[in-house]
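4 protein chains.
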Amino acid sequence: MTAAHTVRPTRDQVLKNLVIANRVLAAYEVVDGWGHVSARDPDDADSFIMSAVRAPALVRERDLVAIRVGDGEPPAQIKASVERHIHAGIYRSRKDVTAVVHCHAEALIPFGVAGVPLRPLAHTDAFLIDGCPIWEIRAATYRDTMLVDTAELGDSLAATLAQAPIALMRGHGATIVGASIHEAVYRAIYARHAALVDLAGRSLGTVRYLSTDEARSAADSTVKTFDRTWELWSTQHGATSL
Amino acid sequence: MTAAHTVRPTRDQVLKNLVIANRVLAAYEVVDGWGHVSARDPDDADSFIMSAVRAPALVRERDLVAIRVGDGEPPAQIKASVERHIHAGIYRSRKDVTAVVHCHAEALIPFGVAGVPLRPLAHTDAFLIDGCPIWEIRAATYRDTMLVDTAELGDSLAATLAQAPIALMRGHGATIVGASIHEAVYRAIYARHAALVDLAGRSLGTVRYLSTDEARSAADSTVKTFDRTWELWSTQHGATSL
Amino acid sequence: MTAAHTVRPTRDQVLKNLVIANRVLAAYEVVDGWGHVSARDPDDADSFIMSAVRAPALVRERDLVAIRVGDGEPPAQIKASVERHIHAGIYRSRKDVTAVVHCHAEALIPFGVAGVPLRPLAHTDAFLIDGCPIWEIRAATYRDTMLVDTAELGDSLAATLAQAPIALMRGHGATIVGASIHEAVYRAIYARHAALVDLAGRSLGTVRYLSTDEARSAADSTVKTFDRTWELWSTQHGATSL
Amino acid sequence: MTAAHTVRPTRDQVLKNLVIANRVLAAYEVVDGWGHVSARDPDDADSFIMSAVRAPALVRERDLVAIRVGDGEPPAQIKASVERHIHAGIYRSRKDVTAVVHCHAEALIPFGVAGVPLRPLAHTDAFLIDGCPIWEIRAATYRDTMLVDTAELGDSLAATLAQAPIALMRGHGATIVGASIHEAVYRAIYARHAALVDLAGRSLGTVRYLSTDEARSAADSTVKTFDRTWELWSTQHGATSL
Chain V
1 MTAAHTVRPT RDQVLKNLVI ANRVLAAYEV VDGWGHVSAR DPDDADSFIM
51 SAVRAPALVR ERDLVAIRVG DGEPPAQIKA SVERHIHAGI YRSRKDVTAV
101 VHCHAEALIP FGVAGVPLRP LAHTDAFLID GCPIWEIRAA TYRDTMLVDT
151 AELGDSLAAT LAQAPIALMR GHGATIVGAS IHEAVYRAIY ARHAALVDLA
201 GRSLGTVRYL STDEARSAAD STVKTFDRTW ELWSTQHGAT SL
Chain W
1 MTAAHTVRPT RDQVLKNLVI ANRVLAAYEV VDGWGHVSAR DPDDADSFIM
51 SAVRAPALVR ERDLVAIRVG DGEPPAQIKA SVERHIHAGI YRSRKDVTAV
101 VHCHAEALIP FGVAGVPLRP LAHTDAFLID GCPIWEIRAA TYRDTMLVDT
151 AELGDSLAAT LAQAPIALMR GHGATIVGAS IHEAVYRAIY ARHAALVDLA
201 GRSLGTVRYL STDEARSAAD STVKTFDRTW ELWSTQHGAT SL
Chain Y
1 MTAAHTVRPT RDQVLKNLVI ANRVLAAYEV VDGWGHVSAR DPDDADSFIM
51 SAVRAPALVR ERDLVAIRVG DGEPPAQIKA SVERHIHAGI YRSRKDVTAV
101 VHCHAEALIP FGVAGVPLRP LAHTDAFLID GCPIWEIRAA TYRDTMLVDT
151 AELGDSLAAT LAQAPIALMR GHGATIVGAS IHEAVYRAIY ARHAALVDLA
201 GRSLGTVRYL STDEARSAAD STVKTFDRTW ELWSTQHGAT SL
Chain Z
1 MTAAHTVRPT RDQVLKNLVI ANRVLAAYEV VDGWGHVSAR DPDDADSFIM
51 SAVRAPALVR ERDLVAIRVG DGEPPAQIKA SVERHIHAGI YRSRKDVTAV
101 VHCHAEALIP FGVAGVPLRP LAHTDAFLID GCPIWEIRAA TYRDTMLVDT
151 AELGDSLAAT LAQAPIALMR GHGATIVGAS IHEAVYRAIY ARHAALVDLA
201 GRSLGTVRYL STDEARSAAD STVKTFDRTW ELWSTQHGAT SL
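Chains as they are written, first to last, in UniProt numbering: chain V, 1 to 242; chain W, 1 to 242; chain Y, 1 to 242; chain Z, 1 to 242.
Note that these hints are calculated values from the structure, not bench results.
These numbers were taken from a predicted model, which means no experiment stands behind them.
It is possible that some hints are incorrect.
Because identical chains cannot be distinguished in the list, a pair is counted as satisfied if it fits within a single copy or across any two copies.
Claimed, not checked - No farther apart than 30 Å at their CA atoms in a straight line, the calculated lysine-lysine pairs in the DSBU-like style are these: (1) Lys79 to Lys224; (2) Lys224 to Lys16; (3) Lys79 to Lys16; (4) Lys79 to Lys95; (5) Lys16 to Lys95.
Turn these sequences into a full structure, and let the hints steer you where they fit.
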């Protein structure tokens, strides 16, 4: 049996799933007025699709635009988020990545500013075993900016991310990647889960994180249930009424 | 007068109550994309009923399947959760148990990973006086897994649970039992309550837990009100629209 | 001008306001499956009105029953909460009290078990300046119970409450009183507010509580706005659909 | 291209946006039964518009009244909040201010009573770099009051605010200003965000705040996105059904 999320989706399915993903991430407080989720174009690996400038909860299929991986540029006349360079930089360096979430989740920012990487305390968050680097924009630019608004900054973020599933961005938020939209959304929601569990655990005493072996085993088993979480999230929060 | 929850239910009532229980537990954030609640089959004590692979908030009566207590196996051709062995193991060892909840509640995981058993601070949580052991899967298996996916692991969890109402599972979640669906759901919701109250209490100073005598008295009186809490929860969250 | 809440209500208004109060307190998580709010009968000062055994969110006008202040007994054949003795005890000792809320609010229990009385950090919570004693049931009875299920225990709680607006009950919850239903509901909601603000304030450092003079002045001004908060709460949460 | 929030609105637009702002601030728990948002009258710079005495979530366009900046007085016969003097004092001293929010947000009070000014940990909260003074009413009056109920107290608060975007008010709440309704609402919602992020960050360790240069750059970029956040908030929470 092949799970739905492992079948290579058509472009039409990607468009529909991106709209659902925007709404699900908003419902789970991963994104707010900002934040975005993108997917590599299944018909053109040198292009990715994300929404134009619009709050995720309000994104409709007609708000989606294709952007070039090579330089992060949208079609002429199209308004696109300056932070498309986050996505373009990662798609350039990570051939395995098919979807990217960028967010300012309130639960993740404290870890970035305190210099504390997320680590897995529960099997649902096991993917964190593959790393959670913290990107420092000051290491990448002399300009006084917090935004990833150039191809160079996108490359710098991607270099810090390396092969990890998530990078925290000091003073800004986080960027999460996946081999599918299902996986990127899953990881974004459970990165938030890991942060909340860790904060509470620390107030009780010394916590025991998953071992590397435990985490790799658990990560394998959660991947097999992406159809279940996606069915829940899309049923409860994915509807577009606009 | 006999309270409804103390009358032995028919199989049809068990099926309906399992659907309600799934939705109530989701509404109270005891379960999320995973987690499950089962009940012993009133017509066959060697069998228990739980949902197939589906997020609890979406479970319908037609998703329920009967599984053998003896070996945890479902009928041929039926897809069942690998973690059915949690339920089977407990039904084998605890004749008094009629319902089991397994969950990854965000509020409970910190206690398991910090090695801090839940204890009752309020009379609503008095059932915790009968113990809250923490199960360590490493003590039971050499395999690098976090899942209770064999009959042996189910037996190990049941051995740690012993006569307690709840066992925390390090790095995973918790399993809660009851003499009825009403009781298992009650205990799952109030285990979460106990965890949140304890976290806040510790930040204020030294807390006073219920004494054993106080807790036993209070546990007796809360059992008498299961009809009231069930009426509330099933009215507010039990509806199936699918 | 006379504010609506200061006009002596008719019995019919009291019944309607009690139903609204039940639903508002449930919406603000002051009460859950248990808890109750009562009012002195405007036509009979030796009687008070509260719901029979039913979760507050589900209470309807026909669930309300009159109970004698003198001995806490309901009419023959009527099922009433064992904890009616909380209310009866207070109505016996406090002629100024017209309404009583009893609750197990998750936000208040930590203060009772840690032995930390609530104090006002904000002018909305200024009524706390008149005291927040913590009642210890062990000081009142040799029985191993947590419930106020006798007239003697009701008198003991009332003696600890004395002239205060609220008493915390160790291991149990809290009881809040007022000169009107509006005031008792207000104080119950803002006792919870005070608890949450205090918990957060302590984690930042040393906090400055209102002085006695500041609090008395602020308490006088909040009383003048009970019509405003009641309009909000009853509009948003008071509807009965049952 | 000119963003909508930078175009000088008509008086009719101001009235509509004030109603929306009231509901949005209530949905984000910035305001509760009290709190208010005002705007300078675009047709009369010596006058500002705010709701009469009514909970923000219930405010309708017909509840709005014009008040004189000079002395904080409403038209004859009109009932107005005593705290209109907060707004009048600020409009007198800050010609750049077009909108003012006053609130008792539960998330902000702990910082005021602990004497801890808010500082930006994330680029969304960068406006805080321009200061977050804490106003002490005791420094301004000999009366035992917590309310800003005279023109003199309004002037005192405005003097403490000086050129900052927000002032915390010890034992009371906060007042936030902006060059537009969009900006004042944005800052009020993200002051709350900054407070919650800071509380969590402190429990993890030493946090790194934005540098002055980072914050000024980030504040400039968030101003450019006020249309996006306003579209989200007004679509989700701005509807008037009353």
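Outcome of the hint check:
no., hint, verdict
1, Lys79 to Lys224, "between (38 Å within a copy, 14 Å between copies)"
2, Lys224 to Lys16, "both (22 Å within a copy, 29 Å between copies)"
3, Lys79 to Lys16, "both (21 Å within a copy, 28 Å between copies)"
4, Lys79 to Lys95, "within (26 Å within a copy, 34 Å between copies)"
5, Lys16 to Lys95, "within (23 Å within a copy, 48 Å between copies)"
The structure meets every hint from the earlier list without exception.
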